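There are 2 protein chains.
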Amino acid sequence: MRQNPARRTALLDAAIEVLAREGSRGLTLRAVDAEAQVPVGTSSNYFFNRAELLRQIMRRTRERLTPDPAALAATMAATPSPELVALLLRQVHQRMDADRSSYLAMLELRLEGTRRPELGADLNKILSAELEDNVRFHQDAGLPGDRVTIILMYLAVHGMIVDDLTVPDVLSGSAGELIDELSGRLLGNSARDTP
Amino acid sequence: MRQNPARRTALLDAAIEVLAREGSRGLTLRAVDAEAQVPVGTSSNYFFNRAELLRQIMRRTRERLTPDPAALAATMAATPSPELVALLLRQVHQRMDADRSSYLAMLELRLEGTRRPELGADLNKILSAELEDNVRFHQDAGLPGDRVTIILMYLAVHGMIVDDLTVPDVLSGSAGELIDELSGRLLGNSARDTP
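Protein chains in written order, with the numbering used here: chain A, 1 to 195; chain B, 1 to 195.
These aren't lab readings, by the way, just hints derived from the structure by calculation.
Since the structure is predicted, the reported quantities are computational estimates derived from the model, not experimental observations.
Please note that the accuracy of each hint is not assured.
Since the list can't tell identical chains apart, any single copy or any two copies may satisfy a pair.
Stated by the list, open to error - Okay, derived cross-link-like pairs now, SDA-like style, lysine to any residue, Cα gap no bigger than 20 Å in a straight line:
1) K125 <-> T66
2) K125 <-> R60
3) K125 <-> P168
4) K125 <-> S174
This is chain A alone, in the form it adopts within the complex (with noise of 0.2 Å):
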């Protein structure tokens, strides 16, 4: 059969809400089909079987959730400081908070993965390389903090997010405060060093 890429794309995008809607025991093909509102049997000719489509959404959701290029260049534009540090963490929180799906479906497919050892390899892999893009990244724009910090800062706002999406009244809405603590604390805080 004849396959069209948008049509994936958007097959891959009602997985991710059922997946974060119904967990992971509730994603089939046909509850995929039944959420993109196409025929029943759609899904099956894009996924050859269901790690397959767990395996496609963990990319998706990657997708979804990385910084649009023209947004990052201007946030990117300003002087590298602990601020723009905290920025940019306040950014990361911020695409969580407006793409709870991607994020909640991420946490299922971390659950998933340790079910089932082809998934958990991928996750493993995938999220390794994706910590060691963000230490290169933050290194290569000339941001402050050496390797451990960026690590510990990923670390606290990564437990972070999973309080906001699972048990949000924990930190009751004051992650923005706590990520310019974060980075001031680890990092110094730039307008204090100026004499």
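Here the structure of chain A is known, so what remains is to put chain B in place on it, guided by the hints.
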């Protein structure tokens, strides 16, 4: 029917294993009976319905993850210092390593809580109280670090635990050293401060 507290605990421990291994949709009263090797129908004498089972599992994971009072008292015999904070955080990570099922079950419950408002409300309440308890414990013990520092450390260790449970290659065994760096960078290092 007469209920037996030890039997109830055994059923909840079986339910934690099922939840960690199969995910929330795999958690049925029948699956708990099978895991606990008790006659079919036993769980339904202990748990009124699935919502009640989930609520009790949540409380049981909190019990299992609470440090042993004697071990905690031994740790707290040391003088308060950044190194003692690092040791306490390392012990949180070690408890995860020793009881992955409880943490995985909690992640499953967190996701299930996004779909079940009643469970979500319970989780918000319990995990908010837990964070406040941690802040109070830290401050009452005279450990270094203000409220924001304690919360930032909690978030980073939480992010670390989620990665180590679901994508262990990302940090590939460096959690212990990262915890030392986290505490050293946020609290200073007492050895370094000694003249």
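Quick rundown of the hints versus the structure:
Only within a single protomer do K125 and T66 lie at most 20 Å apart by alpha-carbon distance; the minimum there is 17 Å, versus 33 Å between protomers. In the homo-oligomer, the alpha carbons of K125 and R60 lie at most 20 Å apart inside one protomer (15 Å), although the nearest pairing across protomers, at 34 Å, exceeds that limit. Taking the shortest alpha-carbon separations for K125 and P168, only the inter-copy value of 10 Å comes in at or below 20 Å, while the best intra-copy value is 29 Å. In this assembly of identical chains, the alpha carbons of K125 and S174 lie at most 20 Å apart only when taken from different copies (17 Å versus 32 Å within one copy).
Checked against the numbered hints above, the structure violates none of them.
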